[in-house]
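> Sequence:
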Amino acid sequence: MLAEGKMPAFSIKENIVMLYYKDLSAVVPFYEDTLGLKKTFNQDWSKIYQLTPTSFVGLIQESEGSFHKAQPDNAVMLSIVTAEVDAWYARFKADKRTTFIKHIYNNEHAPIRAFLVRDPGGYTVEVFQWLEGDD
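For the sequence shown, position 87 (counting from the first letter as 1) is numbered 87 according to the working numbering, and the numbering increases by one without interruption.
You may find that some hints are simply not true.
[Said to hold, decoys possible] In silico DSS-like cross-links for lysine-lysine, where the CA-CA straight-line distance does not exceed 30 Å:
no., residue 1, residue 2
1, 6, 96
2, 96, 22
3, 102, 22
4, 22, 6
5, 102, 38
6, 22, 39
7, 69, 38
8, 22, 93
9, 6, 69
Because the hints were derived from the structure by calculation, they are not lab data.
Using the sequences and the accompanying hints, generate a full structural model.
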């Protein structure tokens, strides 16, 4: 539904969040092996992985020609919403390379069950499940 006086929005076909890294090769195993994501684009400087039919995460090697530089502390968090948060947690727990930021918990302020990990390039990855009965 459109707000009064607003023009209709143009369609959006897909969404890709781009994350920038100093060492792309160090993070590829996390997205391919630990997360098990399907690679849909593969270049030396860029890898794109599918999260859902229309959402993707892109990994970019920092270079002189890149739009952004990798940062030591990132204010971006990749959140993955699932119906199997406990199974995801078990997968991460079994991978000894995983760096946990916060182990699985029920959030006091939002109706979610979640955990947070750090990818090898320093980005936070949150995996969460909406709790039933909450809107």
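> Hints the structure violates: just list their numbers, smallest first.
Hints 1, 4, 9 are the ones this structure does not satisfy, whereas the remaining hints hold.
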